[in-house]
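Undergrad: The primary structure of each chain is shown beneath.
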Amino acid sequence: MEGVHVTTAAIISFIERLEEQSSAFYDELTERWEESREALATFSEDGRRNRTLVVRTYQETISDALEATYSFEGLDLKGHAVDTALAGDASYADALAMAVALEEKACRFYSDVAERSQSLLATIPRAFQRVAKKRERRRLKLQSLLDAAEAGA
Amino acid sequence: MAVLKEPIEEALQLRNYIDGEWVESEGETKEVVNPATGKVIAEVPISTKDEIEEAVEAAKEAYPDWRRTPPLARARCLFRLKELLEENFEELSRIQTMEHGKTIDESRGETRRGIEMVEVATGIPSLMMGCNLEDIASGIDEYLIRQPLGVFGIIGPFNFPFMVPLWFAPFAVATGNCIVLKPSSEDPLSQIKIVELAEEAGIPPGVWNLVNGGRTVVSGMLDHPDIKGICFVGSTPVGRDVIYRRCGETGKRVIVMCGAKNFALVMPDADLESTIAACMTSFYGNTGQRCLANANLVVVGEGLSEQELEAFYKKVVDAFVASASKIRMGYGLDDTVHMGPLRDEGKKENVLQYVEKGIEEGATLTLDGRQFELVEDLPEACFVGPTVFEDVTLDMAIAKEEIFGPVACMMKATSLDEAIGMIHQIPFGNAASIFTGSGKWAREFQYRVECGNIGINVGIAAPMAFFPFSGMKDSFFGTLHGQGPEAIRFFTESKVVIQRWF
Chain A
1 MEGVHVTTAA
11 IISFIERLEE
21 QSSAFYDELT
31 ERWEESREAL
41 ATFSEDGRRN
51 RTLVVRTYQE
61 TISDALEATY
71 SFEGLDLKGH
81 AVDTALAGDA
91 SYADALAMAV
101 ALEEKACRFY
111 SDVAERSQSL
121 LATIPRAFQR
131 VAKKRERRRL
141 KLQSLLDAAE
151 AGA
Chain B
1 MAVLKEPIEE
11 ALQLRNYIDG
21 EWVESEGETK
31 EVVNPATGKV
41 IAEVPISTKD
51 EIEEAVEAAK
61 EAYPDWRRTP
71 PLARARCLFR
81 LKELLEENFE
91 ELSRIQTMEH
101 GKTIDESRGE
111 TRRGIEMVEV
121 ATGIPSLMMG
131 CNLEDIASGI
141 DEYLIRQPLG
151 VFGIIGPFNF
161 PFMVPLWFAP
171 FAVATGNCIV
181 LKPSSEDPLS
191 QIKIVELAEE
201 AGIPPGVWNL
211 VNGGRTVVSG
221 MLDHPDIKGI
231 CFVGSTPVGR
241 DVIYRRCGET
251 GKRVIVMCGA
261 KNFALVMPDA
271 DLESTIAACM
281 TSFYGNTGQR
291 CLANANLVVV
301 GEGLSEQELE
311 AFYKKVVDAF
321 VASASKIRMG
331 YGLDDTVHMG
341 PLRDEGKKEN
351 VLQYVEKGIE
361 EGATLTLDGR
371 QFELVEDLPE
381 ACFVGPTVFE
391 DVTLDMAIAK
401 EEIFGPVACM
411 MKATSLDEAI
421 GMIHQIPFGN
431 AASIFTGSGK
441 WAREFQYRVE
451 CGNIGINVGI
461 AAPMAFFPFS
471 GMKDSFFGTL
481 HGQGPEAIRF
491 FTESKVVIQR
501 WF
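In order, the protein sequences belong to chains A and B.
Going by my numbering, the letters in the first sequence line up with residues 1 to 153, in that order.
Going by my numbering, the letters in the second sequence line up with residues 1 to 502, in that order.
Source of the hints: derived by calculation from the structure; they are not laboratory data.
Worth double-checking, as some hints may not be accurate.
Said to hold, decoys possible - Dumping the calculated DSSO-like pairs for lysine-lysine here, alpha-carbon to alpha-carbon at most 30 Å:
#: 1; chain 1: B; residue 1: LYS5; chain 2: A; residue 2: LYS78
#: 2; chain 1: B; residue 1: LYS5; chain 2: A; residue 2: LYS105
#: 3; chain 1: A; residue 1: LYS78; chain 2: B; residue 2: LYS326
#: 4; chain 1: A; residue 1: LYS105; chain 2: B; residue 2: LYS357
#: 5; chain 1: A; residue 1: LYS141; chain 2: A; residue 2: LYS105
#: 6; chain 1: B; residue 1: LYS357; chain 2: B; residue 2: LYS473
#: 7; chain 1: B; residue 1: LYS495; chain 2: B; residue 2: LYS440
Please model the complete structure; the sequences and the hints are all you need to start from.
TA: The structure is reproduced here in structure tokens:
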């Protein structure tokens with residue numbers, strides 16, 4: 001039954017893990033490739049901000065009466081899981097390609113849950129949309145870095 | 001699947017909080033058991049008559065200074081308390097799941113609702129203002145001031161152990177009164193945590209006292225001449241026949257909020273998908289242990305032929321049963337779970353007796369909650385699955401008595417008029433909901449139905465902190481309700497001054 005009627009709590013736990021994973025990934029990326037530091041300086045911190053934004057919105061919106069047993073019908077959380085393990089011999093371009101894929105997946109996840117939570121009080125889907133947009137902007141930035149890295153190579 | 005970390009690792013020995021000190025009780029103790037796991041999480045004292053007297057004495061002594069504390073300073077204490085509650089939001093929520101059994105989403109919702117009470121009470125400098133009028137006669141002015149009364153007793157229920165005492169406590173304290181609070185002995189832990197935070201927030205000794213226990217503590221409050229009023233939430237027999245009666249005899253103010261048997265009406269033009277989603281929360285949220293839960297669903301055939309009503313009824317019930325069948329049951333700290341256990345084995349036994357009674361009375365058991373699966377290996381002692389009865393008539397016990405469990409009764413009515421008549425045949429009047437796209441039907445419903453809280457396309461008509469939590473008939477005894485401006489009036493006396501200067 002998991003993945004069919006997903007609770008709001010499960011979504012929040014997933015987001016906490018996703019943002020934590022993202023932050024750790026960008027910490028590692030900026031540590032291993034000096035050239036990424038300036039461009040990706042805020043990416044790790046952004047993960048913590050995204051998490052705070054969503055958790056705060058959820059905690060301030062959820063009430064026992066309206067949202068407690070809300071289900072995200074048909075959502076497959078496993079399908080939204082991300083891979084953030086950088087191989088030891090990965091090149092900078094490999095790492096950027098992984099980052100682009102991560103942002104793409106994260107954006108798709110946030111857009112998906114925003115769409116599925118339209119009947120929750122507006123604040124929750126709005127918070128998901130905000131993070132989806134941020135993730136999309138990051139994907140574009142990463143894509144241009146990747147294009148430049150590939151052109152340089 | 002993620003099972004969240006339990007904030008209580010070893011059984012706690014609970015104490016009373018009297019006059020700013022945590023004190024051991026001389027009374028016997030009782031185990032507080034996590035209903036999902038069967039683990040003992042605390043030992044709660046059943047305090048003695050002397051201990052309740054000590055607490056009232058402490059409150060009485062603290063009162064003169066507290067009432068002289070400017071409302072703005074009292075509000076600052078509540079602002080600090082609100083901040084501490086926010087900081088401890090997650091721990092408070094997990095404690096509720098452990099002590100009560102509700103899911104983590106439900107506990108977080110309860111925490112939010114409780115914090116909102118404190119938030120609203122921080123507005124006390126404005127909320128407590130009186131009024132005045134110049135020249136009521138030539139050269140004479142009149143004004144009204146609101147003054148606190150002294151000591152109030154608050155008796156909490158088991159079903160919302162964190163939130164319900166906060167319907168009263170912040171308003172009582174904000175208005176300058178002192179309180180003695182008795183949490184439910186079944187799940188007192190979140191109230192203990194609130195008091196720890198109230199102490200940290202700087203609320204002075206004696207203002208907010210907590211005494212654990214049972215009947216002795218309640219009797220001690222009811223009989224004590226220094227307690228000016230009582231706030232009680234619990235069953236109708238106790239509320240009406242013990243609390244309300246005794247407060248009348250001893251001249252105390254009283255808010256008594258009691259049992260319920262709430263109806264949801266589904267009209268032919270209702271948005272079925274949204275209606276069923278709302279019904280799942282309403283009928284099965286908090287495992288049905290909620291005085292605003294709907295228990296009877298009436299499919300209304302206003303404007304439909306007999307055959308059309310039959311078809312519409314089938315569509316609604318099929319969708320309801322299909323949705324209820326998908327509810328995942330387990331430990332509330334598993335964040336994939338939709339419904340937790342009942343609070344204890346006795347409550348499960350009570351629900352099972354009603355299921356048997358329903359069958360004996362001739363209702364059809366469409367979904368049998370006695371058969372269920374849990375998402376993990378847990379003791380089944382307190383669990384009952386979502387249950388649906390059809391062919392229910394209003395003379396059956398399952399239709400008119402409060403079951404306080406996850407049991408839904410399906411009925412039909414040919415018209416809105418007939419459906420409203422059904423609601424009025426029940427002695428309770430706590431809440432009722434209508435699901436419809438018609439403003440005309442919705443208005444007719446809210447105008448005529450004798451219930452204190454009305455939901456229009458809302459399954460649980462739970463008033464926010466700045467509105468009174470209403471109730472009628474056998475669901476409420478008293479005059480003023482808890483929460484918001486009515487609570488301010490309850491906890492204050494109106495004094496009128498008429499002045500003339502020569």
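Undergrad: Next step is simple, just say for each hint if it's right about the structure.
TA: Taking the hints in turn, this is what the structure says about them:
1. Restraint check for B:LYS5 and A:LYS78: satisfied, since their Cα atoms lie roughly 22 Å apart, inside the 30 Å limit.
2. Among the hinted pairs, B:LYS5 with A:LYS105 is consistent with the structure: their alpha-carbon atoms are about 28 Å apart, no more than 30 Å.
3. Between A:LYS78 and B:LYS326 the alpha-carbon distance is near 19 Å, which keeps this suggested pair within the 30 Å criterion.
4. Under the criterion of a C-alpha separation no larger than 30 Å, the hint pairing A:LYS105 with B:LYS357 is inconsistent with the structure, at around 53 Å.
5. For the suggested pair A:LYS141 and A:LYS105, the alpha carbons sit about 15 Å apart, so the restraint of at most 30 Å is met.
6. As the CA atoms of B:LYS357 and B:LYS473 are separated by approximately 25 Å, the hinted pair is consistent with the 30 Å bound.
7. Taking the CA atoms of B:LYS495 and B:LYS440, the gap is near 43 Å; set against the 30 Å cutoff, the hint is violated.
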